[in-house]
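Number of protein chains: 2
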Amino acid sequence: MSADALLTHEAFEAAIRAVGAERYHDKHVFHQMLHGGKLNRGQVQAWALNRYCYQEAVPRKDAALMARTDDRDLRREWIHRIHDHDGLGEESGGIERWLILTDGLGLDRALVMSKKAALPATRFAVEAYVRFVAEQPLVVAVASSLTELFAPKIHKERIAGMLENYDFIGEDVMAYFRRRLSQAPRDADFALDYIKRHAHTRVEQEACVDAVRFKCNVLWAQLDALYIAYVQGMVPPGAFVPA
Amino acid sequence: MSADALLTHEAFEAAIRAVGAERYHDKHVFHQMLHGGKLNRGQVQAWALNRYCYQEAVPRKDAALMARTDDRDLRREWIHRIHDHDGLGEESGGIERWLILTDGLGLDRALVMSKKAALPATRFAVEAYVRFVAEQPLVVAVASSLTELFAPKIHKERIAGMLENYDFIGEDVMAYFRRRLSQAPRDADFALDYIKRHAHTRVEQEACVDAVRFKCNVLWAQLDALYIAYVQGMVPPGAFVPA
Numbered sequence: 001m002s003a004d005a006l007l008t009h010e011a012f013e014a015a016i017r018a019v020g021a022e023r024y025h026d027k028h029v030f031h032q033m034l035h036g037g038k039l040n041r042g043q044v045q046a047w048a049l050n051r052y053c054y055q056e057a058v059p060r061k062d063a064a065l066m067a068r069t070d071d072r073d074l075r076r077e078w079i080h081r082i083h084d085h086d087g088l089g090e091e092s093g094g095i096e097r098w099l100i101l102t103d104g105l106g107l108d109r110a111l112v113m114s115k116k117a118a119l120p121a122t123r124f125a126v127e128a129y130v131r132f133v134a135e136q137p138l139v140v141a142v143a144s145s146l147t148e149l150f151a152p153k154i155h156k157e158r159i160a161g162m163l164e165n166y167d168f169i170g171e172d173v174m175a176y177f178r179r180r181l182s183q184a185p186r187d188a189d190f191a192l193d194y195i196k197r198h199a200h201t202r203v204e205q206e207a208c209v210d211a212v213r214f215k216c217n218v219l220w221a222q223l224d225a226l227y228i229a230y231v232q233g234m235v236p237p238g239a240f241v242p243a
Numbered sequence: 001m002s003a004d005a006l007l008t009h010e011a012f013e014a015a016i017r018a019v020g021a022e023r024y025h026d027k028h029v030f031h032q033m034l035h036g037g038k039l040n041r042g043q044v045q046a047w048a049l050n051r052y053c054y055q056e057a058v059p060r061k062d063a064a065l066m067a068r069t070d071d072r073d074l075r076r077e078w079i080h081r082i083h084d085h086d087g088l089g090e091e092s093g094g095i096e097r098w099l100i101l102t103d104g105l106g107l108d109r110a111l112v113m114s115k116k117a118a119l120p121a122t123r124f125a126v127e128a129y130v131r132f133v134a135e136q137p138l139v140v141a142v143a144s145s146l147t148e149l150f151a152p153k154i155h156k157e158r159i160a161g162m163l164e165n166y167d168f169i170g171e172d173v174m175a176y177f178r179r180r181l182s183q184a185p186r187d188a189d190f191a192l193d194y195i196k197r198h199a200h201t202r203v204e205q206e207a208c209v210d211a212v213r214f215k216c217n218v219l220w221a222q223l224d225a226l227y228i229a230y231v232q233g234m235v236p237p238g239a240f241v242p243a
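Chains as they are written, first to last, in the UniProt record's numbering: chain X, 1 to 243; chain G, 1 to 243.
Don't take each hint at face value.
Because identical chains cannot be distinguished in the list, a pair is counted as satisfied if it fits within a single copy or across any two copies.
[Claimed, not checked] Simulated crosslink set (DMTMM-like; lysine to aspartate or glutamate; CA at most 20 Å straight-line):
#, residue 1, residue 2
1, Lys-115, Glu-56
2, Lys-27, Asp-210
3, Lys-116, Glu-135
4, Lys-116, Glu-96
5, Lys-115, Glu-206
6, Lys-116, Glu-22
7, Lys-153, Asp-167
8, Lys-116, Glu-204
9, Lys-196, Glu-77
10, Lys-116, Glu-206
11, Lys-153, Glu-127
12, Lys-196, Glu-148
13, Lys-153, Glu-77
14, Lys-38, Glu-90
15, Lys-116, Asp-210
16, Lys-115, Glu-135
17, Lys-196, Glu-206
18, Lys-153, Asp-189
19, Lys-38, Asp-71
20, Lys-115, Asp-167
21, Lys-196, Glu-13
If you are wondering where the hints come from, they were derived from the structure by calculation, not from laboratory data.
Same shape as in the complex, but just chain X:
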């Protein structure tokens, strides 16, 4: 095959899945420590407090994507991601479920929601994701969501591992991940189908694969920052210090 030939849908999907196999954050040592019961309560608090910044950014990046398209069908599909995180009507949504997790870990809700005690590197990474979705070509922005292809495995491991290994983690606070087990595959299937239909050149396909790499970097950098601060013990000035 020429280097410039359009990939078949199968090869395109395989290239995207290969990125996950190579660099999704389930390979990060902090992730393995989290699930394996190797962290203390303060370290799990730091993880949940920082990860809140990511959760909080998700509906903003989804709104940024919707703001860019005149494809009403795409908006009608994509909006349910905002519903999933912000909630709609009776449903309180994923961010609220995340706050139930941070409540359960004994963190002050106002502190968590202020994002002020989060690591600067967390916020830089998260906001880079929001900007990416706002600025890249639409099909590439859609592709950046595709780490969800790899999420159900990590969420299953997380639910089992955290319930088993931490006496301060109960079933109620794991509700966020349990819900994502059904939400993420639906979203990933849609986005994967979308990019197959809308990446019309090899260059666009490669940009979509790069978008998944970029997104893996966003997730990886967050775990690197947690590791250096809360495993290595080098907490940056002004960031959360466990009691």
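Given chain X's structure and the hints, the job is docking chain G onto it.
Below, chain G alone, put in the same frame as chain X:
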């Protein structure tokens, strides 16, 4: 003094200098290792390759600031920062001097300039700085440059420490820092005077102090990322690996 009273110029400047004393990146262990001769050549390469991303972003953030103001005097003053980094006419500028440093370290110029081997966390931090300057109120954007108040000390230490401690570092490759010894104080004096004249409320003054905190976080996060990758040895997938 009431919490809401305008700070005197002296107290405002003192508050900004206190941020540097607390969290400028000369307190970071990686910085101390760099100057103290504790790094090997590969680690110094990684520092220079990553720091290139910061240097490269500086004229973009200065252009972003100029793009926002109808104050011609401010633009006429600020433009010399772009000259300093990009060069003008016969003068090749600071980014070129940085590339002489990376050349001297044996790094491939195309690799450095591509930024592709830099740590994702470096690029997230650097781009957060560019966005900050593009999006925050103008006086706050100006204030974010004020880490230059603290730079001459670090540059003097760097020139002396690196020349003394590394046999692969010569006088020629230190030209970037030597030039900054005169450039940074001029820039810092202007910016400090500007924010004193243009921060008209206590809230604006506090936002300026926070801008210096933010900027320190941008610098600190870059050293954290270098530390975890090249001292701790946890290089993220796809990033530069020393030979």
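Verification of the supplied hints:
1. Lys-115 to Glu-56: within (9 Å within a copy, 29 Å between copies)
2. Lys-27 to Asp-210: Answer is within; shortest intra-copy Cα gap is 19 Å, inter-copy 36 Å.
3. Lys-116 to Glu-135: between (26 Å within a copy, 19 Å between copies)
4. Lys-116 to Glu-96: Classified as within: same-chain Cα gap 18 Å, cross-chain 37 Å, threshold 20 Å.
5. Lys-115 to Glu-206: This pair counts as between: shortest inter-copy Cα distance 18 Å, intra-copy 34 Å.
6. Lys-116 to Glu-22: between (32 Å within a copy, 17 Å between copies)
7. Lys-153 to Asp-167: neither (22 Å within a copy, 49 Å between copies)
8. Lys-116 to Glu-204: Classified as between: cross-chain Cα gap 18 Å, same-chain 38 Å, threshold 20 Å.
9. Lys-196 to Glu-77: within (16 Å within a copy, 50 Å between copies)
10. Lys-116 to Glu-206: between (37 Å within a copy, 15 Å between copies)
11. Lys-153 to Glu-127: neither (25 Å within a copy, 32 Å between copies)
12. Lys-196 to Glu-148: within (16 Å within a copy, 48 Å between copies)
13. Lys-153 to Glu-77: Answer is neither; intra-copy 24 Å and inter-copy 55 Å both fail.
14. Lys-38 to Glu-90: neither (37 Å within a copy, 58 Å between copies)
15. Lys-116 to Asp-210: Answer is between; shortest inter-copy Cα gap is 12 Å, intra-copy 31 Å.
16. Lys-115 to Glu-135: between (24 Å within a copy, 19 Å between copies)
17. Lys-196 to Glu-206: Only inside one copy: Lys-196 and Glu-206 sit 12 Å apart there, 49 Å across copies, limit 20 Å.
18. Lys-153 to Asp-189: within (15 Å within a copy, 54 Å between copies)
19. Lys-38 to Asp-71: Result: close neither inside a copy nor across copies, 47 Å intra and 56 Å inter.
20. Lys-115 to Asp-167: For Lys-115 and Asp-167, the Cα distance exceeds 20 Å both inside one copy (26 Å) and across copies (44 Å).
21. Lys-196 to Glu-13: within (8 Å within a copy, 56 Å between copies)
The structure does not agree with the numbered hints 7, 11, 13, 14, 19, 20 stated previously, though it agrees with the rest.
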